[in-house]
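Read off the chains here:
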Amino acid sequence: MYLTKEEEKTLNGENGPVLERMFRLLVRLGDIYGADKMIPVGSVQVAGVSYKSIGDPGTEFLEDMASKGSKVKVLTYLNPAGMDLENWKNLGFPKDFAKNQLRIMDAFKKMGIVVTSTCTPYLAGNLPRFREHIAWSESSAVSFSNSVIGARTNREGGPSALAAALCGVTPNYGLHLWEKRQPTVKVDVSADLDFNSDFGALGYYVGKQVKNKIPYFSGIKNANTDQLKALGAAMAASGAVALYHVEDLTPEADLVEKKNLEKISVSKKEIKETYDKLNTGKKPDIVIFGCPHASLREISTLANKLDGKKLKKPVWICTSRMVKEAAERMGYNEIIIKAGGSIVADTCMVVSPIEKMGYKTTGVNSGKAANYLPGFCKQEVCFGNIEDLVEGQL
Amino acid sequence: MKGRVISPGKAEGEAIVSTEPIGFYGGIDAKTGIVIEKGHPLEGKKVTDKILIFPCGKGSTVGSYVIYGLKKNNVAPAGIINKETETIVATGVILAGIPCIDQIDIDKIKDGDKIVLDAEKGEVKII
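Residue numbers (numbering that gives the first Met the number 0), protein chains in the order written: chain A, 0 to 393; chain B, 0 to 126.
Only chain A is shown next, with the shape it has when bound in the complex:
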């Protein structure tokens, strides 16, 4: 790989041991995947933020780098933390967990990273442009920025994204290259998709089928950004889909080569079977929305459904701190809290220790959450649409 003089210096340790280690990781990845050079990135999103995900080894790794004075070179946001960073006590997050989580946040802040904690940075002030090179790592954010915005990023591992933030560059390979953004499988959808959970079910099914391919969808008549967010998140969780195209809806769909593609079809039957498969539980102890983090529109929908009602069992909606602030101004939070629900910011159900908070069965409308909760939070899952899930908690 071609390296500039300055980059050679970094690799030889002339800019300090942290940059050397981080840049070495990028060069190694570039060599493996055939990059010709490093390219500057416009922004970074770093995964591996929750204490639950990275544990003591990850925490010590980050603290070590922060203590050596490392600073990021570009706008860098964070993935969700393991708890609401302000309201953790009231929501019942364990104290020792909180202590470790706050250590992690301190380390990131020292490095100049915006301590935002969201899987939807594009809804919270980190919005790349079409064709901008970025290094993002949360799998649903990668999918959204590549597919819906048309920015260019590989699926970065937490540490490789951090390396890109500290070095300001990423190796030029994979999805940074136009020829690698071409679809490799066509998905014909004949099922009607109404609820966001239908998009989650579609994504879960397709991700399982196509693994790390690039799907080109046809037959999806309409979808708003919340629904595309749900679709991409589920495909990235059940498979490793980092980019998808949707005929007439996503920006690169008209531009890519669509000839001679392997085909799969998804009808009403496959969607129904996916709902059945994801339902491992009977009745939820808790219902959690906002995976990926809820948009203002999703919070307003929930507020409408809870207006004047009384919940018998808890309902949470997870979102970013920025969107929570807007929802506060609109009075949505008050409505949800009055009904007995909670707005949870900075974190999400998958990375928070809900299994230690006494919950055994969780209701979700997210294909991604349904994919992760059984393994990572030891939860039985009730997968359904928002109407049925809210109705069941009243």
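Hint data in this document are derived by calculation from the structure and do not stem from the laboratory. Predicted, not measured: the structure shown is a model, and the values here were computed from it. The reader is advised that the hints may include incorrect statements.
Derived DMTMM-like pairs (lysine to aspartate or glutamate); straight-line CA-CA distance at most 25 Å [claimed, not checked]:
#1 B/K37 with A/E62
#2 A/K207 with B/D104
#3 A/K377 with B/E19
#4 B/K44 with A/D55
#5 A/K210 with B/D110
#6 A/K267 with A/E390
#7 B/K71 with A/E59
#8 B/K30 with A/E62
We have chain A; now place chain B onto it with these hints.
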């Protein structure tokens, strides 16, 4: 068999083979090295000190930290062999220093085979 070096080093051990992709985050417990993903072909099995063989990674990008955590907690596999290593696994093994190669026809390796992995030269031997 010859492949591409992802993370250099040498390792020997018993093969543990998954025909399905592995998502380390939510898939393997970093404290115990046990596969925890429900319904995964390796569910309940321990990867520690084995040569872990799977087609490719999947799922969350936090997986790199889980691989690093497995190593720090002394429950990591001795080596990893893939059909195709994507960035999440590559980042994890490089950071953790776990020998890893890819572009190997993993269908030729069976559970329990004794494996010698030379991830300096990019070679795999079944003995």
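Hints, verified against the model:
The hinted pair formed by B/K37 and A/E62 fails the criterion: a straight-line CA distance of about 33 Å is larger than 25 Å. Pair hint A/K207 plus B/D104 holds up; C-alpha atoms about 22 Å apart against a cutoff of 25 Å. This hinted pair checks out: A/K377 and B/E19 have alpha carbons roughly 21 Å apart, not beyond 25 Å. Distance hint between B/K44 and A/D55 is fulfilled; the C-alpha atoms sit about 23 Å from each other, no more than 25 Å.
For the suggested pair A/K210 and B/D110, the alpha carbons sit about 23 Å apart, so the restraint of at most 25 Å is met. A threshold of 25 Å between alpha carbons decides the hint, and for A/K267 with A/E390 the separation of about 24 Å falls inside it, so the pair holds. Among the hinted pairs, B/K71 with A/E59 is consistent with the structure: their alpha-carbon atoms are about 11 Å apart, no more than 25 Å. Between the alpha carbons of B/K30 and A/E62 the distance comes to roughly 20 Å, so the proposed pair stays at or under 25 Å and holds.
Hint 1 alone, counting from the list given before, is not met by this structure.
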